[in-house]
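Student: What follows is each chain in one-letter form.
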Amino acid sequence: MVSIGCVIKTPGNSKNNKTGSWRTFKPILDKEKCIDCDNCIIFCPDSSVNKQHDIDYDYCKGCGICANECPSDAIKMVKE
Amino acid sequence: MDIPDKDLLAPGHRGCAGCGASIAVKLALNTLGKNTVAISATGCLEVMTTPYPETSWEVPFIHVAFENSGAVASGVESALRIQGKDDVNVVAFGGDGGTVDIGLQSLSGAMERGHNMLYICYDNEAYMNTGIQRSGATPYGASTTTSPKGTASFGEDKPKKNMPMIMAAHGIPYVATASIAYPEDYVKKVKKAAETKGPAYIHLQQPCTTGWGFPSEKTIEMGRLAVETGSWILYEIDQGNFEITYRPEERRPVKDYLSTQKRFRHLNEEHIEKIQKYVDAECKELGL
Amino acid sequence: MIEIRFHGRGGQGAVTAAEILAKAAFKDGNYSQAFPFFGVERRGAPVMAFTRIDDKPIDLRYQVYNPDYVLVLDDGLLNVVDVFSGIKDNTEVTINTTEFKGSGEHEVYSIDATGIALDMLGRNIVNTIILGYFAKKTQAVSIDSLLEVIKETFPGKIGELNVEATKKAYEMG
Amino acid sequence: MVKEVMTSNKAVAEAVRLAKPQVIPVYPITPQTTISEYLAQYVADEKIDAKYVKVESEHSAISAAVGASGAGVRVFTATSSQGLMLMHEILFAAAGMRVPIVLADANRAISAPLNIWNDQQDSIAQRDAGWLQIYVENAQEALDTTLMAYKVSENPDILLPSMVCLDGFILTHTVEPVEIPDQESVDKFLPPYVPEHAFLDPNEPMSIGNFADPDYYTEARHDMEVAMTKSMEVIQKTCDEFAEIFGRKYGLVEPYKTEDADIIFVAMGSLCSTLRVMVDQLREKGEKVGLLKIRAYRPFPTEAINEAVKNCEKIAVIDKNFSFGIGGALYADMKVKIDKEIYGFIAGLGGRDITPEAIMEAYEKTKAPENDVTWIGLKEE
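Chains as they are written, first to last, in the numbering used here: chain A, 685 to 764; chain B, 3 to 290; chain C, 437 to 609; chain D, 27 to 407.
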């Protein structure tokens with residue numbers, strides 16, 4: 685059974701798809717070093733950093749953009 | 003920059019690790035807010051965000067085909083306005099293929115008719131969805147699967163189509179270029195476009211880790227290099243007034259940008275020199 | 437059922453004449469149908485149009501090959517088109533001309549519609565005029581219905597002038 | 027109710043005015059053009075409260091139509107020939123997205139050679155797009171069918187777009203008397219479109235036109251087949267309801283003197299008028315002949331056809347289209363679905379007039395068949 689015209693009426697339900705399993709490297713944030721620039725939030729392609737800079741490993745694909753864009757070297761990429 | 007509690011493009015989408023398109027769309031939607039209807043051309047964005055029965059879109063979304071997002075947006079906009087929904091933002095996304103090549107006519111018609119909508123071209127400079135074939139937006143010298151380097155070829159042999167100026171020639175009220183590496187500048191332009199009555203067009207450069215051949219963590223860095231070398235110039239044409247919106251303190255040589263990407267790695271000094279000249283001329287023309 | 441064939445040149449109003457006639461016949465309480473010969477001709481080229489009138493619904497969907505009446509809006513066409521094509525023994529042919537140009541084999545009426553048009557309309561548009569003449573000669577439509585449709589088709593001053601010219605042609609019929 | 031003499035194109039425009047679509051994206055093309063002109067004027071004169079989208083191509087016309095219908099409003103568009111061909115890809119998308127657009131197609135031949143005259147190849151080439159296709163015979167039927175098409179397409183069990191097919195020039199440019207229903211009766215017959223399956227509203231976000239993998243695609247297409255099959259019942263019911271309010275009766279097919287006929291003509295569109303006259307003339311000569319007019323070509327009304335042809339010996343299908351190596355499309359469909367002796371005739375291509383003589387040729391060749399498929403009136407030199 686599919687919906688009429690395959691319309692999806694549950695906005696944002698791709699959250700069911702936990703893309704964290706794609707990851708090889710994992711970002712670890714040292715909150716001590718964080719200067720609240722929010723680069724990790726702004727540039728995350730997978731909305732995996734919240735306002736408190738907690739990383740959501742359910743979705744983080746481990747691209748490393750956050751670590752690369754962190755001006756205070758607060759994020760390290762470590763092997764899963 | 004304002005950080006929302008929830009992004010309007012949900013995670014779980016199938017974009018590559020380090021995907022610039024999702025950053026582009028996320029920032030645009032967060033700026034436009036919930037009172038928005040989004041249209042997308044076929045391409046990476048559509049395929050990665052709507053594999054039935056899952057969608058990443060938190061706002062109403064419609065996709066019809068590759069070449070017609072301008073026309074589909076025209077229909078959506080007309081339907082909303084005739085119902086008195088004048089405050090709903092209408093935003094259409096198309097990749098460079100869906101915008102500068104196959105979708106150009108449809109977009110041109112939509113712009114010329116004056117629909118109150120924003121069109122954002124997320125330009126990753128080739129057909130990435132189908133495996134890196136050249137488009138009209140592929141830059142000079144880039145090797146793609148249909149403009150490959152070879153014994154008799156150095157890659158794409160023509161410069162990029164100047165799409166923002168084609169849009170400006172339509173006389174629409176707002177045209178801008180942007181880069182995902184400059185989110186403040188980009189978001190400001192999205193806001194301005196949304197406030198503009200009538201059609202607005204933003205041509206957004208969006209580096210692609212897979213298609214350009216750089217490590218996934220360098221998506222933003224690559225965008226910055228493009229702008230810092232003058233290979234991509236940030237400007238806006240607001241009601242006909244042209245203005246550069248970001249000036250690099252000192253323009254870096256294009257080699258710094260080209261040498262970090264697989265698609266340009268085959269170029270020799272002569273090619274690079276030619277590209278540098280081309281970039282210099284472009285910068286001079288636009289007053290950078 | 438009667439079948440009428442119009443010959444004119446693109447821009448002379450033959451198609452409009454066929455439609456006016458169909459509308460007038462309908463006003464009289466009849467069924468009717470009118471259509472052009474569907475060409476890509478431009479202004480000046482020979483064109484044809486057809487009208488069918490009957491007291492019951494018309495179910496024919498092909499061109500008129502054996503007309504009961506032929507109306508020729510421009511005698512210059514006589515050298516170019518066989519306006520007598522497919523006509524029957526009793527077919528009546530009306531030609532806008534200053535001189536009789538019949539072959540002797542067919543019943544041909546002539547009217548100087550151009551003269552009336554230039555005189556009363558100030559330009560050589562003869563489609564309504566020739567209909568006035570036709571109405572009187574054939575009684576296929578009533579003059580009242582014809583004038584009403586002309587007024588509806590051409591509102592304002594131009595309509596009034598056409599009505600007067602059509603009346604004049606009717607009197608000559 | 028008023029009766030006026032008008033073309034089928036005007037009749038369609040009148041139906042559109044009465045149906046009150048809110049978005050009308052159209053692009054002119056001969057012989058559809060006057061539909062776009064009438065509608066532009068109606069919008070300019072505020073006779074219709076709609077957005078008239080002056081698109082730059084038929085491709086954009088249908089694309090904007092899908093966008094607008096997806097956004098939840100009633101939509102109308104019209105085209106012809108090359109324009110319909112240009113829409114081809116999006117016709118499939120429209121049906122798959124289940125947007126109940128109504129489109130009028132002024133049937134015209136397909137290039138090359140370039141030809142502006144009537145045949146039905148253009149809409150026949152779209153037969154597998156998932157659109158309902160109704161072929162009409164005259165201006166009245168064009169008007170009535172346009173109204174009924176909305177009612178059928180918007181039925182929650184159907185939600186497939188409809189194509190009203192009217193023969194170019196033979197109908198689009200021929201004036202004849204038409205009854206124009208009053209707005210009140212039409213409103214009673216056709217209530218406003220209130221979509222539930224798909225619309226674009228920020229208060230209730232949904233994603234439309236999604237990507238479906240092999241796990242879902244087959245079911246999505248099969249659902250369309252189910253809706254198409256169901257549409258036969260809905261078309262009939264809608265015709266009955268229409269007859270009750272407006273007094274004019276239509277059906278999936280329309281049999282004429284078929285009950286005791288030995289030979290039955292089968293055709294679609296304006297040709298059926300002439301065929302009916304021919305049937306009467308042949309009957310006067312003692313020939314036992316009948317006519318089956320196919321109104322609904324998609325859905326294909328197998329049962330209704332079987333019922334109408336059950337007593338006959340032979341069937342003569344006249345197609346204004348053809349498929350290379352096969353014959354006419356209607357002929358081919360009949361051969362697949364109807365267990366009778368069937369002969370196919372190709373006629374009326376590119377505006378070739380279908381005269382009584384042409385019909386007689388088909389009749390004689392059905393009585394004494396030489397081939398399965400015959401091109402009528404083919405000039406040998």
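No wet-lab data here; the hints were simulated from the structure.
These figures come from a predicted structure and were not determined experimentally.
Any given hint could turn out to be false.
Claimed, not checked - So the derived list for chain B, only partly shown, Cβ under 7 Å to chain D, looks like this: (1) Asn37; (2) Val49; (3) Ile64; (4) Ile84; (5) Asn243.
Glycine included, every Cβ here is placed at the ideal spot set by N, Cα and C.
Student: For each hint, tell me whether it holds in the structure or not.
Tutor: Here's how the hints hold up against the structure:
| no. | hint | verdict |
| --- | --- | --- |
| 1 | Asn37 | holds (5 Å) |
| 2 | Val49 | holds (5 Å) |
| 3 | Ile64 | holds (4 Å) |
| 4 | Ile84 | holds (5 Å) |
| 5 | Asn243 | violated (28 Å) |
Consistency note: the structure conflicts with earlier hint 5 alone.
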